[in-house]
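Same order as they appear, the protein sequences are chains W and F. Residue numbers for the first sequence follow UniProt numbering, so the first one is 1 and each next one is one higher. Residue numbers for the second sequence follow UniProt numbering, so the first one is 1 and each next one is one higher.
FYI, nobody ran anything at the bench for these hints, they're computed from the structure. Computed from a predicted model, the values in this text were never measured in an experiment. A virtual CB, placed ideally from N, CA and C, is assigned to each residue, including glycine. Any given hint could be a false lead.
Stated by the list, open to error - Quick list of simulated restraints, FRET-style, between CB atoms:
(1) F:E37 / W:G59: 46 to 52 Å
(2) F:L109 / W:E124: 19 to 25 Å
(3) F:D157 / W:G59: 37 to 43 Å
(4) W:P79 / F:E211: 46 to 52 Å
What the hints assert, rightly or not - Keeping only pairs whose Cα atoms sit at most 25 Å apart, straight-line, the calculated DMTMM-like set for lysine to aspartate or glutamate is:
(5) W:K2 / F:D157
(6) F:K22 / W:E74
(7) W:K116 / W:D58
2 protein chains.
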Amino acid sequence: MKLHTYFRSSASYRVRIALNLKGLTPDLAFVHLRRNEQRDPGYAALNPERLVPALEVDGQVLTQSLAIVEYLDETHPAPPLLPIGPLDRARVRGLAQLVACDIHPIDNLRVLNHLKSMGHAQGEVDDWYRHWIAVGLTALEARLAGDPRTGRFCHGDRPGLADLVLVPQMYNARRFGCPLDAYPTLLRIDAACCALPAFAAAAPENQPDAES
Amino acid sequence: MKLHTYFRSSASYRVRIALNLKGLTPDLAFVHLRRNEQRDPGYAALNPERLVPALEVDGQVLTQSLAIVEYLDETHPAPPLLPIGPLDRARVRGLAQLVACDIHPIDNLRVLNHLKSMGHAQGEVDDWYRHWIAVGLTALEARLAGDPRTGRFCHGDRPGLADLVLVPQMYNARRFGCPLDAYPTLLRIDAACCALPAFAAAAPENQPDAES
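The task is simple: from the sequences and hints, build the whole structure.
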């Protein structure tokens, strides 16, 4: 098993947390996004999406972080990353997708670079970033705070799929200086997650390819 | 079961296809996105994300189209929307997420409206739309054309999760006048899908809330 990763990629960060929770230690290959190594012909042949993460396993190349995490959960069921009941599974997947579909892609590095190429100054790009963070985290806070199934973590008292998507988004929001006081439930869950070794070891600054 | 939907919403379109494939006929509630009905207090209380679709079922409100589709697949297993093996399931989920995470959110109505609010003219907004379509569909074409598991549909000869995400994206790409000749595999699969009653009945123009 080989994980193609970049220390600062939120989507890679999700998969690193899942691997740690499962106790899996794949080989690592580093793809430097700021140096555009994802566009190298060798990597593009491996993953035509030219994004990270990608997981090589059993002769296949898996892409898309949530698909990879569900694969890891199906093939290494303990500890489970999804609850058992279909309604609860839909809740957890929905929370994860709220971040993975409706916040992260709009604030991804390639989108921010595209805005710059359209003539926007860094300040306008930062405003864009913070706007979509605020829209998305406000919705996520409302969903978590208003549901008795929220526990120490996003769903009950065990970390799972929604948590491993939340934590990288909170990390990135802090990098961009987004105010987070309006999201007490997210802050509480993020802190509970980051106290766990599986989450801490997956953080960008703790990766072999980390740069300051 | 009640589906909150808008005829032109790609994410609603996905869920409508899944419901049709499963032979399910929920009650329908229409949320007119261009009139901003998703921001009405009543709907925002139901779905703090202020997006469609949302599926009310067993006293819960499910959001995020892919989470809803997986719920439908878990609770109504026939016909299956995912293959059996974990590697194949990861492939199909990855194809679906390539569109649902890396194309659609960046080209969503609210993002296009935000670009306009930043001063961009319609032509620049259209360029934005077509840029992300081209990036995403090029990757999807490469993944599908280069894999022997691609069949009449995205995965084998039965329509599933990846197909019901592909078709609404192709529909929208046509609306925006995106050239599609470079994607022969996508065109072939899209045509095979649209020939099926479950897909045809889910098309925007065939919805009760359709407008010209």
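Quick rundown of the hints versus the structure:
Between F:E37 and W:G59, the C-beta spacing of about 49 Å keeps the proposed range 46 to 52 Å intact. Between F:L109 and W:E124, the C-beta spacing of about 21 Å keeps the proposed range 19 to 25 Å intact. Between F:D157 and W:G59 the CB atoms are about 23 Å apart, so this pair departs from the stated range of 37 to 43 Å. Checked against the hint of 46 to 52 Å, the pair W:P79 and F:E211 passes, with Cβ atoms roughly 49 Å apart.
This hinted pair does not check out: W:K2 and F:D157 have alpha carbons roughly 30 Å apart, beyond 25 Å. Among the hinted pairs, F:K22 with W:E74 is consistent with the structure: their alpha-carbon atoms are about 24 Å apart, no more than 25 Å. For a cut-off of 25 Å, the pair hint linking W:K116 to W:D58 is broken: about 40 Å separates their Cα positions.
Consistency note: the structure conflicts with the earlier hints numbered 3, 5 and 7.
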